[in-house]
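Colleague: Knowing the structure of chain A, use the given hints to seat chain B on it.
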Amino acid sequence: MQNFTYVNATSIEQVPSLLGRSWDDAVVMAGGTDLLGEMKDFAAVPRRVVNLKSIEGLDYIRQDDAALSIGALTTLTDVLNHDAVSKDYTVLNQAVSVIASPQIRNMATLAGNILQRPRCWYYRSEDFPCLKKGGARCYAVGGVNTYHAIFGSGPSYIVHPSDAAPALMALGATVKIHGPRGGNEVVLDDFFTLPEMNIRRENILRPNEIVTELTIPKPEANSKGMYLKVRERDSIDFALVSLAAQMTVVNGTCERASLVFGGVAPVPWRAIEAERYLQGRRITESRAESAAEAAVEDAKPMPHNGYKVEIAKNLVRQAVMALAA
Amino acid sequence: MQQKMKKVKITIQEDGEPKEIEIEVPDTGEGGWGDVSKNRYVSKSHTRVDAVDKVTGRAKYTADIKLPGLLYGRILRSAHPRARINRIDATRAMALDGVKAVVLPGDDPAVFSRECRFAGQEIAAVAATTPEVAEDALHAIDVDYEVLPFVVDEDAARDPAAAQVHGDRANEGESRVGEQGDIAAGFAQADVTLEASYRCQVQSHIALETHGTVCQWEGDKLTVWASTQGVFSVRGELAGHFGIPETNVRVITEFMGGGFGAKFGARKEGVICALIAKKAGAPVKLMLTRKEEHLATGNRPSAVQHVKLGATKDGKLVAYERSNYGTPGVAGSANIPGAPYLYEIPNYRIEQTSVFTNAGPMAAQRAPGHPQAAFAMESMMDEMAEALGLDPVDIRQMNDPDEARRNMVAMGAEHIGWKTRRSAQPNTGNGRIKTGMGVGSCRWGGGGGRTQAECTINPDGSVEVKCGTQDIGTGTLTLVHMIAAEEFGLKTDEITVGIGDTNYPFSGGSGGSTTAASVSPAIKGTTMLAKLELFNKIAPRFGVEPGELVASDGNVFVSSDPSKSMTWQQATAQLGDEPIFFHGQWLPGYSDSGVPGVHFVEVSVDTETGLVKVDRVVAVHNSGLILNPLTWASQVNGGVLMGIGYGMYENRIMDPATGYMVNANLEDYRLMGSTDIPEIDILRYDEPERGVIGIGEPATIPTPGAIANAIYNACGARIREMPFTPDKVLSALAAVQEG
Chain A
269 MQNFTYVNAT SIEQVPSLLG RSWDDAVVMA GGTDLLGEMK DFAAVPRRVV
319 NLKSIEGLDY IRQDDAALSI GALTTLTDVL NHDAVSKDYT VLNQAVSVIA
369 SPQIRNMATL AGNILQRPRC WYYRSEDFPC LKKGGARCYA VGGVNTYHAI
419 FGSGPSYIVH PSDAAPALMA LGATVKIHGP RGGNEVVLDD FFTLPEMNIR
469 RENILRPNEI VTELTIPKPE ANSKGMYLKV RERDSIDFAL VSLAAQMTVV
519 NGTCERASLV FGGVAPVPWR AIEAERYLQG RRITESRAES AAEAAVEDAK
569 PMPHNGYKVE IAKNLVRQAV MALAA
Chain B
14 MQQKMKKVKI TIQEDGEPKE IEIEVPDTGE GGWGDVSKNR YVSKSHTRVD
64 AVDKVTGRAK YTADIKLPGL LYGRILRSAH PRARINRIDA TRAMALDGVK
114 AVVLPGDDPA VFSRECRFAG QEIAAVAATT PEVAEDALHA IDVDYEVLPF
164 VVDEDAARDP AAAQVHGDRA NEGESRVGEQ GDIAAGFAQA DVTLEASYRC
214 QVQSHIALET HGTVCQWEGD KLTVWASTQG VFSVRGELAG HFGIPETNVR
264 VITEFMGGGF GAKFGARKEG VICALIAKKA GAPVKLMLTR KEEHLATGNR
314 PSAVQHVKLG ATKDGKLVAY ERSNYGTPGV AGSANIPGAP YLYEIPNYRI
364 EQTSVFTNAG PMAAQRAPGH PQAAFAMESM MDEMAEALGL DPVDIRQMND
414 PDEARRNMVA MGAEHIGWKT RRSAQPNTGN GRIKTGMGVG SCRWGGGGGR
464 TQAECTINPD GSVEVKCGTQ DIGTGTLTLV HMIAAEEFGL KTDEITVGIG
514 DTNYPFSGGS GGSTTAASVS PAIKGTTMLA KLELFNKIAP RFGVEPGELV
564 ASDGNVFVSS DPSKSMTWQQ ATAQLGDEPI FFHGQWLPGY SDSGVPGVHF
614 VEVSVDTETG LVKVDRVVAV HNSGLILNPL TWASQVNGGV LMGIGYGMYE
664 NRIMDPATGY MVNANLEDYR LMGSTDIPEI DILRYDEPER GVIGIGEPAT
714 IPTPGAIANA IYNACGARIR EMPFTPDKVL SALAAVQEG
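Sequence lines, in order, name chains A and B.
For our numbering, add 268 to where a residue sits in the first sequence, where the first one is 1.
For our numbering, add 13 to where a residue sits in the second sequence, where the first one is 1.
In case anyone wonders, no lab produced these hints; they're calculated from the structure.
Be a bit skeptical, because a hint or two may be false.
Claimed, not checked - Computed beta-carbon distance windows for the label pairs:
#1 A:Asn452 x B:Gln750: 49 to 55 Å
#2 A:Arg524 x B:Pro162: 54 to 60 Å
#3 A:Ser354 x B:Pro414: 57 to 63 Å
#4 B:Leu83 x A:Asp566: 57 to 63 Å
Backbone N, C-alpha and C define an ideal beta-carbon position, used for all residues, glycine too.
Just chain B, with the same shape it has in the complex:
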């Protein structure tokens, strides 16, 4: 059987300019990945290849890197939410035994400012022989501050009389408006119009591994071990900052303990680490503390949404108006999606602003803006269903333009027993514990691109695949092993894989749920074409065309006559002494973008204590072709849990009187713990013909809205402010009782 070939267009870089060229690749049928049912690896569950290394501690994360003469860096941070540094004196710090270097604002004005705009802003740094001495040194730097007025609350900051976060402009930025149709006419058609306000809090990222780097200079060459979502973005930022070519900077991220969107680029702490390592003339490790993580490394912005929704009496949504604001802290945007979330509404107007406050800056966080938008929209959908006497599922099905999501809602409803087990009336049943069910949905993009890879097939049969992506904990390394092993008919442990290093071919940052959809087509394409080169060289030995050869189960044989066979090693030995080397890149046809997701949630509410327990989540997700169902399910589990955390527990609390965050730890900033975790049923809505689509972000979006709806179904209390803590539940219950 002759291998069918097809032509695909790809974009390459030529003299620094993108150029589209056409190449020929094997045609594996619809969806690029072909029929995966007989595969040994791709689309089958595979334990992480580094699982044992991780659980035994053999895996070395940035914090584990040890180098001869390594110093420990720490950053001094502003002790006030708004202040000007009049004088800073490190004499006492420099005099401490073991302190090797101090950098002060004057050393690098691009990094440090004398204008402090939030408590926690970087103002100086030290490097010392031990972490303890470095901490002592921070306390021995004398700073004379001129303390200035501040504002940390987004509502207070909107007042024109409030202290200005940036002296030259109002705290509240320009409105961004999105509109369609005619809302006045739309509301005129509505039989029922509802208005309500919803509030979402600021959420910290809480990656298990804090931000940090180890920086080592040799002359003007810099090697960096970084906890990052993008080794190349770290390289670019450091090369730019220090005015050296990118070739002089090598960034390594072999193992990484999570980022959730806050670990792109070198960031302040990475630049500071390199800066102080240069000044100290020694390698420096600078890992942030948990408090620094809360204060200065990013967060999900708050959102306050005033929503007005109009519907006809049969449940058709006709008009939507939303004005919302939130705080990104001192910088960035608090915008959420600029069209009505999920549902088709012919007439809408949305106006949103970001309000600066004297708090740490936002950073992208797992599905930026979406959980906030989903919470308000999905709560409002239930309120509208109630007002119209409709089932919450039915009103969604009526207004959702996405067929796949409608099917997924039906799947989830069937699985959880929506029609059979859910009480149509809230607050039924005896006793203080009431149970209920709720639903919430999401959409996400998650396409791929921007990845190169190389593959070497050595004459001894050993195979090496290199790609400069990084595994941020999602299982990317395992995917590379799986795809290459599938292609060569070898076992996953027979492939040598290198990732997480800027010495390897370029790959973009791991964000936006794009990593699997970027990396896997590049690995597939590169290994497939490397294999084709091998077949081109050895096909004459079989007396067949290259396209008639197959690599499977450690052998290479003729597809029409498997008796004509060699072992893989016999086949590669035909290469003599020259290996196959192929440099490839992302190819179209193996990935896609755009997915819906649906969560159904069951909760119990203790009406005497206000405690809510999430008992069960049914998560229905669609990732096109799932490469590794095991790590995919881990991502769904993690997303569900992070969503419960946002809905139920997590909350950055700023003290309005002093401008400090009061819960910059993991005691008062509550993450859910093991006994808070519900039963999670994951349902797959497969569309393998679409190729690979990411899952990291959609899996977290729908949960808070679904929980709020389940709480209402349980006890009749509509909670419009997250997180759903006992104080809010009890006061909502009291409001219900008072009618």
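Chain A on its own, in the form it takes in the complex:
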């Protein structure tokens, strides 16, 4: 780990000035469960670490008739244990329940979870000066790419590791951002960015901006959600493929479907073709299969990760049938 200075922020307004114009100047720390590993492995080499946990009042879950607002510093454990989340936001509850371990969920924050850096072994290892660290190549190309992307990639082939992000995106959540010129709010679909847009980062945040809140509109009364996660190891593992699904089915007909994959693309990956196919259709086994086919139609597997296509397809069929039941 490179030496750094450590600053406790005391207000949101103060943070942009404590941060810098470059990611090497300063980074923010909330739970620290991802950042510490990155710094130990020299994937992150900031000169200053700005602690956000010293800011009062950023850990809250507020509920009204229209939405749930979750403060950026709310821990995953608090999200998991919240009654409204388990009652009305099943997909988020299920997603958070399979993140890491209880110990990590006690420390890690919801905002931090969606801001996680890639787990790609080339990115994380000091041995590889890869594209995402300012290097010249993506080592997954021509390397061992068993766990890499099947959608939306190039020139980098990382996958987005978050479980919470696909769930939040499936629910149509928005994210509040605070920067030097104040705050703004965007839907999560517009928050994450593909490598072709920005090779070094996975979202639109600038080095001197932070996420302050996530807002999740209340799902329609007759909609249901679920989160399916496939991981090699049951105890503490990232997804090979995951699927966040939220569907409104009335009398057997799908009115709206929101399907977002995790672990398959550099961003949480919305299966738009499958969503379009399902909308207005009566759900049957064969239509679920057609939706599944549509979801993976654009997949471009690498030499070692073709199995992810099969899993992704099967998860869509499973979720559609389960939510229509």
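Modeller: Using the frame of chain A, we list chain B on its own:
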């Protein structure tokens, strides 16, 4: 009742030469340990005597040792899989605040080489006042490498055109051949002949405690706290390296967090720690990081086995041919057992080679070569059973020459419900989750020897037993307490025990599942003979022969008349002021070698995701006389889990393009976690008359093969390559569907 005596032959060292002598010891009947059923300790479950110390953190491991002025050492390692060091400059590192010493290749050519043959090879070291400064110093050493061609894949390395790992010879070594009978004639007799290839990956050891030592010099005397499986082998290597007598080196291992075969001798990192402590003139602690563990401290070699098996239509195996190779990295051997594993086959030919690659060297790992051999043989046995329309259990029973193992297979089959619950046809039942059962077996040696011990009985009744063995986490310390307490009729906490120190009597390394079979006869013999000396001195007080005295429940009394009794302390007080001191050693008759083991496994396979879950393991093991069923069962549990890890999760992955290991951590190198652990039923096949036999290694061998067979039984997919990850399961399932 007069104590019966018997004569036994033992080997002692006289003037440095082994010499066989005959001594007289009490005759405790068949098996040496006598009737253990009435024992208070030996053969009864006993919680580890150091359990509370361990869970409260009072137990001090090597990493916990703190000394005044202690420095922290780190090793600089080659940044390339193959390179030559042109120049190495530590000027910037030495200039850092807190850096106290640097050792470079020129300081000790016996330790460091300028020829780097794998990414992770030791090339220099630093010692600094904090671990953080030591790490900064590593980054401040400038190395000018001449980068050279390399090869890390064992298949690519076999190509004569591949880069040579050692410049002076081919990567693939000489074949080792084992044969019997006439394979051409054997295959001619076969009604069915099958051929298949099986692949096992490289496995890291992953002891919870990493390799490391703390070294402190006082003049030319060296004290070492080491995480080791053999304190005496550390002493010997360091004394040899520094040219000092072994008496000048003391090695201490009071608590130790696992080795699995990779912690014998001082090894490079131990020598480097002593070297830099000498140069710094201060004690140095050098514990390796997890990444260093993966790269440079040993691993289980891979194995690629092409197997051909012939059988008659009634299931009798008649011919076997195997050619296999694997990579030990830059050094060592990848050989696996050189005869057909487990089964009697009259005609066989086996040819095997080791293929060097630019990767960290192998080290012995828990049952070297056996899990690889068992996986291929047990998979092939099931494939043959299928081809012949036989039950997998039946074909094993037909060809297994070991009666105990046949009985154990029957026990396990009965327990798991093989005939009643197992589906004879794969891929039955509705839904995407399919369940199945499989079986796999093993054999192991595990005899004892090479251990001395001493026992002091003080006039105040206190008893001290010392033995220079080390408890590598298996419960050896507890065994010493139990055996001594049993012998003296005292409680385990009334015995003072010293182990893990070269100042104590010699004991060999803890490996090959030999520790219990080595240490327990030595402790038994030493305490028994010390007690006899005590009885010799105090018998006149009772007016009986020494052999008529018994020590039990804190008393010494006459066996034929228990009313003639003294408390233990009253008895030892008869010694006046001179304690009993006895130096003894391993005795024959208390241990044995050679055990079978059998695992039955139940799995469920999700045919839509390729995920396999091991639901249940029935492990049938035979350790002769089990001294402590509790720690024995812990060893079986650990072995089963390590076997599942090898079969299902663990895999050292080398990037062929760059020569680096991509998963040198514990995130991408997956060990099983708590929720992956199945229900484990352990069945004992007792043969107490054989004495003590080790369990550490057999318990891990059969699992991967049994899992592969269970996966097949569940879903009809035959997975011939470990680990059984979703990608392999899905592609095997797709192959089945395509017919």
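Colleague: Evaluate the given range 57 to 63 Å for the C-beta pair formed by Leu83 of chain B and Asp566 of chain A.
Modeller: Roughly 59 Å apart at Cβ, these two residues keep to the hinted range, so it holds.
Colleague: For the hint 54 to 60 Å, verify it against the beta carbon of Arg524 of chain A and that of Pro162 of chain B.
Modeller: holds, 58 Å
Colleague: For the hint 49 to 55 Å, verify it against the beta carbon of Asn452 of chain A and that of Gln750 of chain B.
Modeller: With a Cβ separation near 51 Å, Asn452 of chain A and Gln750 of chain B satisfy 49 to 55 Å, so the hint holds.
Colleague: Between Ser354 of chain A and Pro414 of chain B, does the beta-carbon spacing fit 57 to 63 Å?
Modeller: Given about 60 Å between the Cβ atoms, the range holds.
Checked against the numbered hints above, the structure violates none of them.
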